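Student: Going down the list, the protein sequences come from chains A and B.
In terms of the working numbering, the first sequence is numbered consecutively and its last residue is 351.
In terms of the working numbering, the second sequence is numbered consecutively and its last residue is 1515.
It is worth saying that the hints were derived from the structure and are not from the lab.
Check each hint, because a few of them may be wrong.
Unchecked claim - Derived SDA-like pairs: lysine to any residue, alpha-carbon spacing no greater than 20 Å straight-line:
1. A:K217 - B:R1383
2. A:K244 - B:S1321
3. A:K84 - B:P1259
In this text the structure is predicted, and so the values were computed from the model without any measurement.
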Amino acid sequence: MNNATSTDKLKQLWLLTRPYVFALGLAFLFTGIMLGLLGFNVWEAFKALITTSFSSKFQIVETFKKFTPLVLTTFAFAIPFQIKFFNIGSTGQMIMGGTIATMLGLGMSSFRVPSALAIILILTAAALTGAFYALIAGALKAYHNINPIISTIMLNFVAMQFTNFVATTPPWQAPLTGHPMSKELPKWMLLPRLFSELHIGFLIALGMVAFVYFIMKKTVIGYEIESVGHNQRAAEIHGINIKKTTLVTFFLGGLLAGLAGGIEVLGVHGRLVEGFAVTSGAEYGTFGTLTALISGAEPLAVPAVAFLMSILLNGADSLQRRLMVPVELVFLTQALIVILVVTMRERFRKR
Amino acid sequence: MAKDITNILEARGVSKRFGEVQALYKVDFSVRKGEIHGLLGENGAGKSTLMNILYGLYKPDEGEIYIEGKRVEIHSPLDSIRLGIGMIHQMSTLVPEFTAVENIVLGTEESGSRLNIDFSRARKEILELSEKFGLRFPLDVKVKELSAGTKQKIEIIRALYRKAKILILDEPTAYLVGDEFDQLLSSLKILVDNGVTVIFITHKIREVMQACHRASVLKGGRMQGTVDIEKTSKEELVSLMFTGQNIDVTDSALPNVIPEPVERSEKPVCVIKNLNTYPIVKDGIVLKDVSFEVYGGEIFGIAGISGNGQKELAEAIVNPSIIASGEVIINGKTTTNLSTIDIFKMGVFYTPEDRVYEAILPTASIKKNLLLGHHRDNAFLGRMRTLRWNRIKGVSRELIKRFNVKTPHEELEIRKLSGGNIQKVVFARALMNPIDLLVTHNPTAGLDMASVKFVFEQLLELRRNGKAVLYLNEDLDELMIVSDRIGVLHEGRLVGIFNRDEFDKNKIGALMIGG
């Protein structure tokens, strides 16, 4: 009897993970074929891709550093996606957060306040900036029924221009640099290190994972978001305000993206640098969207998938450095994983 | 009438299983050429499954199908059309924006090339068929302008245009009113006189007695037998349909419940005053100056053909934001400016019309479905606006027991339940807390007899306890069984109110179609 239930459980687990196993397998198979056709050593390439992240303390730290903004931008997409809206704007929300963080930090630099207070102030400002920036798209959806895909993409361009403006205009601009960037923030304002290069932004991100889990699973608002996602019409009939729920999801999503921007500025760059939201050749926002789609936007699956994605991204960097494999090949793998996961989920749903 | 006793269609030992549910078990079914063959059974008996197998929508797990004695494999509706089977679905499958001619020609290639459809030839052929079978309808009006009965005629001609020899009509009377049923009957007679065979699916015994030559009865996925209508009685059909279920039924196959006398309250629980609404859907219907009261201890029925303002009326009571003018007063208090949650907290609950698309969160658990609408009840709220999931779980278990929901546990996805059990969850949610007014729209749609009886009992129980029920239903038979009064909606207006002793199907039916 006991035996039967445990095999049942195993079968359940297999049914649940089957689409992902197939998707990953096929994605790596195709990538392998591509690598082979391009004349690379397939075995060495895969080894680099997967094991780099665990090869040294430095690499582990690098992986965690990628994970930090990635898990936040993943939630920035995943939360509005709970009610079937696409927030493609986490890039814009993140760089707006980072830009405002820089402006505030530079403005505060001559006032000697306690470090902790400065950091809390700046990160809060960054998070709220992202939240209100996302709220523009949320409000356009709620009150004028404008598709968030369109509004968030447009708002990304606005944010990029704004960042560029700040990075190339006094008093913020760093003099004598070719690349658009701001002056450095004072050292006492930067995020303290846990060990080596790992800053406390990593812990803040983990805290946010717990925060999102709490909101989504334990609170009324989380239940309302989930209900709208299951069936908007039924939710509305039973007293859930769809407009308000839409605004809340964009606010929360933007909050996390904006925070990611603040953390990158205070934790990694120490200043505003054009393109600071880019990693391994594309924006954290883009990778966040992919990660969210792969994870099915489930709050518990998001950190796990974001971690796997960080390993891949870190591996991709090393692949490019060591084997001269273009980083675009890893994009190909990721794109394949997304497409295959979505396809396989549909394929195995039938019957 | 042709009394040919060769079987034009035969199914042998057909079984079909959906997950846990054995929808059909070794069913034998044969239809003779040129007869009207009734397929009788309550909802969930397997009628639609059997027909969908014959139409190629489902593949049987086992069993064989023969047409004119030849073994056939039907993999898709296209195969079935080629074999001469035509299906008339319960809901119109015509394109609303197309005319009758366009709809009939759609998907056929005989009338010219795909680029240049020969409408004039098609038209001529359609007119000939139309004359021959006495099924007349306007050819050039968009079908969305036409009545359900007319659309059905077009669907029949569409099947005949595709050379159908066997017509399957799935619950063809569900949306017919007035004399449309008699018209359908005479058309079917002409069809069989011309050698067409008709399979008539229904759960109403009365219709089988009037329309059919023979009838087969399905119950719980098993064939109970086939009878000659001339040699059988209503009672025999009832016993075939409901053996082992201790339920008294009417000849419309509804539970025969008789409301006991109940004193109605002095003051009304719900007053609807000069109510005008905005449309719920774009360009939809609106309520126009509707006024009436519902008292405690009363079931107030609302009759009307679907889409005449029922949904707007029901929703205006729980969602005042759709009210354009006028007001709804519950227990003496106006609902103007209140939210749905406020109104629920005043002792009102609503079970909407469409069970899957409006009443439930199909992919959420039973527990989360029970919480819907109660999610801001103080009893379920902890600190920091958290939900007290332990208490919710406890309440869910109690409700599952109290309403006898057949489920292994409260975490099961609700869509995995049968329609009847889903409706039990919906009622459990509505009746979780004591309420003064229940607004319920088509609560019995698609349910089997035991579930219909369950719904009726819930409504009567509320009435017995002095509560008010606003009961909206397109099925007049059902309304007349339990209602104390019936109001008729037509094009957004309340065009009449009947007391129980004045109930008259013809009079109410005439008002429903604007007579």
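Student: Taking the hints in turn, state whether each one holds.
Tutor: Now for the hints, and whether the structure bears them out:
| no. | hint | verdict |
| --- | --- | --- |
| 1 | A:K217 - B:R1383 | holds (14 Å) |
| 2 | A:K244 - B:S1321 | holds (15 Å) |
| 3 | A:K84 - B:P1259 | violated (46 Å) |
The structure does not agree with numbered hint 3 stated previously, though it agrees with all others.
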